[in-house]
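Undergrad: Chains as they are written, first to last, in my numbering: chain A, 45 to 189; chain B, 45 to 189; chain C, 45 to 189; chain D, 45 to 189.
Simulated from the structure, these hints should not be mistaken for lab results.
Hints may contain errors.
As the list claims (entries may be wrong) - On the chain B side, residues computed to face chain C include the following (Cβ under 8 Å):
#1 Met45
#2 Phe55
#3 Glu56
#4 Asp59
#5 Ala60
#6 Phe65
#7 Tyr114
Claimed, not checked - Example chain B residues on the side facing chain C (calculated, C-beta under 10 Å, incomplete):
#8 Val53
#9 Ala61
#10 Glu78
#11 Pro111
For glycine and all other residues, C-beta sits at the position ideal for the given N, C-alpha and C.
Letter by letter, the chains look like this.
Protein chains: 4
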Amino acid sequence: MAVVHTRAVRFEEVDAAGIVFFGCYANYAHEAMEVLFAGVEGGYPHLINVRRVGFPAVGLEVSYQAPLRYGDVLQIEVACGRLGNRSADLVYRFVRQDQVCVATMKHTVVVSDLDAMASVQMPADVRAILEANLQASAGTSMPHQ
Amino acid sequence: MAVVHTRAVRFEEVDAAGIVFFGCYANYAHEAMEVLFAGVEGGYPHLINVRRVGFPAVGLEVSYQAPLRYGDVLQIEVACGRLGNRSADLVYRFVRQDQVCVATMKHTVVVSDLDAMASVQMPADVRAILEANLQASAGTSMPHQ
Amino acid sequence: MAVVHTRAVRFEEVDAAGIVFFGCYANYAHEAMEVLFAGVEGGYPHLINVRRVGFPAVGLEVSYQAPLRYGDVLQIEVACGRLGNRSADLVYRFVRQDQVCVATMKHTVVVSDLDAMASVQMPADVRAILEANLQASAGTSMPHQ
Amino acid sequence: MAVVHTRAVRFEEVDAAGIVFFGCYANYAHEAMEVLFAGVEGGYPHLINVRRVGFPAVGLEVSYQAPLRYGDVLQIEVACGRLGNRSADLVYRFVRQDQVCVATMKHTVVVSDLDAMASVQMPADVRAILEANLQASAGTSMPHQ
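With the rest of the complex left out, here is chain A (with noise of 0.2 Å):
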């Protein structure tokens, strides 16, 4: 399973080149990581403001296939690639409005106490959330692979 999370490319994410800025892609992950944990005790903001819990990345691969531009819409699929006790890879395809896949992304996140900046056990509702949405595949390959 995978929730998916749909938006326009911002008239501000083309660079230079006239293309969407391949950092961008992070915030185009975090958004639907977002859209994944919204259903949180609280939702996502109170987990990071409140219970001070969050997901700093540890690892991030990204494969880049074609090339994003002012006007496109993306639909962002984001599911649990591998869960482990304090930490998850969630994986992600960015397709565009005409069904290519533009990129892909593994995106290893260490579940931690924001305020001691330590790794921490996960929360019982952030793990039900990544059980729901593991993917099939899990662990057995690259997403893009």
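With the hints as your guide, set chains B, C and D onto chain A.
TA: Quick look at chains B, C and D alone, frame taken from chain A:
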């Protein structure tokens, strides 16, 4: 050999978790890449704007080892980890003022005609810079191993 | 009449002071402006990319009345405050989920040929949208007074 | 007297219209402001992170006179245009490498306790810097008139 670019974390690069957003490292890398290529004929902006040659990313691998906060100053080292005919791997180390390496990155780019958005043979001046900054260990290991 | 665009504050829009960076309101305004102009022939990205007509800012006035934090949701109202032959004032109200108006903005744009970067007569479809969204009080007062 | 901060337009600051996005001037201004305040006790990031004193904007007025493109280099001059007990107007001139003043800005800030998010008396070291950079014409005219 490597080129080193120094810059401070900016006020607005910090996110709601209080650390630099993981996507900002792509911006940092691009800045260092622009310094690396500053010596091309006419300069890097001229390469993009007038010669219409650019380096869209096809791959990105980042390993994050420690957070960055507002007030930190980075040294970004960039070198060429692999040099092909139409593509190259740029490798980066992000070193904080306390000498901690907070992240490493491999950034695979394809030399492209920005109007056709298609790969082209690498111009001689671009190649010369990459050759001059070729890592000793090029191609034999991941930058963060 | 005004067009309303709703969006949440994004994780990375918060700065090192813990509130939304003051420059982000320009991004918010531009998003609302794109919604306002969505109905032009071919859509707004087509206007920019193909018709090569755009709206560079020549003036900006913002009054900030309350901070925005991660977790807040905005309603951005945009209307036309003044309609000229080649320029217009767009006026915005930024309203938080608790109904507090956190900011108002006046954004003066000049309709421009993006290749020549010179002002042009306003296209009929652009004018029609601005007329349909002309504020009753247009021109008689600042939006935030 | 004014402090001058020089920086190049960055690759990703250009928008889909091919010029620097109008909101980026707020980022430019903030950079110059950080240079202005570099001499406070412990430095500006220490002021924000530890002393928890900051300068949220309550007003912003920008006049844009010419576009910026990738490859341009800016000199950003910042001075104090008005000095109050708890607030100040910072005034900026953005000058391109060809000596064209591309924009001017007035940025009204309120000295604030960032935890209480409430105005406070201006610390002596902050005031000293603003006094040392007070414009001769302070308060008598808009920066762009």
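Undergrad: Compare the structure with each hint and give your call.
TA: Here's how the hints hold up against the structure:
no., hint, result
1, Met45, "violated (34 Å)"
2, Phe55, "holds (5 Å)"
3, Glu56, "holds (4 Å)"
4, Asp59, "holds (5 Å)"
5, Ala60, "holds (4 Å)"
6, Phe65, "holds (4 Å)"
7, Tyr114, "holds (4 Å)"
8, Val53, "holds (8 Å)"
9, Ala61, "holds (8 Å)"
10, Glu78, "violated (22 Å)"
11, Pro111, "violated (13 Å)"
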